[in-house]
Amino acid sequence: MIIKLPKEKMGTSNLGWLESRFHFSFAEYRNPENINFGVLRVLNDDIIHPNSGFDTHPHSNVEIISYVVHGEITHKDSMGNSETLKKGEVQYLSAGDGIYHSEHNIHNSQDLRLLQIWIIPPTTSLPKLYGSYRFKEEEKENKLLNIVSSQKGNAKIKIYQDINIYASKLQKNKKLEYKINENRQVYFVQIEGSSKVNTIELRNGDALEITNENMLNIEALSNSHFLFIEMEEIN
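My numbering numbers the first residue of the sequence shown as 63 and each following residue consecutively.
I should point out that these hints are in silico values taken from the structure, not numbers from a laboratory. Any given hint could turn out to be false.
As the list claims (entries may be wrong) - In silico DSS-like links for lysine-lysine, alpha-carbon gap of 30 Å or less: (1) Lys236 - Lys202; (2) Lys138 - Lys71; (3) Lys69 - Lys236; (4) Lys237 - Lys138; (5) Lys205 - Lys220; (6) Lys190 - Lys236; (7) Lys69 - Lys202; (8) Lys202 - Lys220; (9) Lys236 - Lys218.
Stated by the list, open to error - Derived DEER-like restraints, expressed as beta-carbon distance ranges: (10) Asn208 - His132: 13 to 23 Å; (11) Glu201 - Lys237: 10 to 20 Å; (12) Glu95 - Asn170: 35 to 45 Å; (13) Asn204 - Pro120: 23 to 33 Å; (14) Lys241 - Ser144: 17 to 27 Å; (15) Asn276 - Asn216: 14 to 24 Å.
Think of the CB as a built atom: it goes at the ideal place given N, C-alpha and C, for glycine as much as any other residue.
Working from the sequences, and respecting the hints, build out all of it.
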């Protein structure tokens, strides 16, 4: 079963310095029928304007992936990490029993767009993790790149939860296939451009909840940038 989630029906927020589209209940967007999809708890499509950002705040018992679409994000945390990440870089954080961090766009004129993805960890108070990885653009061109996996997986970034995150930049009219194993489900996000996934058309910002399917057939209707999260199916 595939359920399309048009971007027009998602929660939105505009705080002046921050514009967000919420795929799931978050901040002032409250929808009791849209809290999570399996272990995927948050997926926010954020635009952070220049010289602004999230000041220091706490997290615990969550795994956070930040996928930079364009612009730069500057991170600082209570573990002593401090770095600036650019387009193509992916940051990961397992908060364990608690950390504090800040995320800012310190650029003077360029907006930052990123996907903020929160994953529920398999158990609480796990050892903290932090890191980042810069993927080359050609690694995603007309192919699926596994950017995040579990500790047992093969991705450059490994977190605790049993998930896989794939990203791709697919040229117009190109096609890709992805086999979904039994008892697994997928959340698909169209980041830029447009695609057709198993006959369903998506435009920039749309998403799909995919359950009880064994294959994804992806076709780029225009130059297409997308990401999907594959995880255990939870009834």
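Going back to the hint list, which numbers does this structure go against?
2, 4, 6, 13 and 14
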